[in-house]
Amino acid sequence: MHDDPADPATDDRLDAAFTALADPVRRRIVARLSRGPATVNELAEPFAITKQAVSKHIQVLEHAGLVTRTRDAQRRPVHLAPAALEALTAWIDTYRLIHEQRFRSLDDVLKRTTKEKES
Amino acid sequence: MTNPTTITAPDGLPYIDIERDFDAPADAVYRAHSDSELVKQWLGPRGYVMDIETYDVRTGGRYRYIHRTPDGVEFAFRGSFHSVTENAQIVQTFEFEGYPGVVSIETLDLEDLGDGRSRARVHAVYPTIEARDGMIASGMEGGLTEGYEQLDELLAL
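From first to last, the protein sequence lines are chains U and R.
My numbering puts the first sequence at residues 1 to 119.
My numbering puts the second sequence at residues 120 to 276.
In isolation and in its complexed conformation, chain U is listed as follows (with noise of 0.2 Å):
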């Protein structure tokens, strides 16, 4: 997260990617790219949901920058942009809420069960 928050530029590419990535599909196709490229028919694979509709999130991902696309003839397989990882990195902000707000859950726990011990 070496990028300057104050920059308009680093912040409209930010959103695209944080929007792009607010849905679940989209984030699992991700992390599916994370670990190499892949087709379309591959990607669409896991999800109980259309190659058509599959395709129509690897448009959002490419334009948010985040995949692209190879005119590799048919097979066309999507690649994981380099900017996407930078944008993943900046997830950690998400990932340290997510551990906040559990961290706070577990503080309820302990003040019940430490009072439970001394009553």
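I should point out that these hints are in silico values taken from the structure, not numbers from a laboratory.
No residue lacks a Cβ here, since even glycine has one placed at the ideal position from N, Cα and C.
Check each hint, because a few of them may be wrong.
What the hints assert, rightly or not - Label-pair distances were calculated between CB atoms; the ranges are: (1) S202/R to D23/U: 20 to 26 Å; (2) L132/R to P82/U: 15 to 21 Å; (3) E216/R to P77/U: 23 to 29 Å; (4) Q52/U to P189/R: 24 to 30 Å; (5) P82/U to T226/R: 28 to 34 Å.
Using the hints provided, position chain R relative to the given structure of chain U.
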């Protein structure tokens, strides 16, 4: 006053380190990590149902649990407890079933600080940096929507 959470994901190393203090002694924090009835009350994202299939916190034990979103989407996690030292340490594997074959190893260390307080440190090791970043993205899907809502709230300040 809430205790701060420190999370570090170093550049170039596939680790995540988390540190958090609690206003409770280490044995209470350990119990909240090992009694499935208690685990259920805090590990899942708020508003989601957490079903624990098995949660056998002892050396060689295993676990599997499922987070269910209000609209019925399920996210399952599983692993085994490699070694468990009561009130002090839990070493476990962790796998998000939506991202199979990518297994991290998580070490939780608990330390009493005196005055009824304790410190928890989690060190998670992933097979690759990409796996770490991918796991951050996909392995926490259950909590993500809420995370975004909280992020929105923060950004609106």
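Checked hints:
1. S202/R to D23/U: 20 to 26 Å: Given about 39 Å between the Cβ atoms, the range is violated.
2. L132/R to P82/U: 15 to 21 Å: With Cβ atoms ~19 Å apart, the hint holds.
3. E216/R to P77/U: 23 to 29 Å: holds, 25 Å
4. Q52/U to P189/R: 24 to 30 Å: holds, 27 Å
5. P82/U to T226/R: 28 to 34 Å: At 31 Å between Cβs, range holds.
Of the numbered hints stated above, the single one contradicted by the structure is hint 1.
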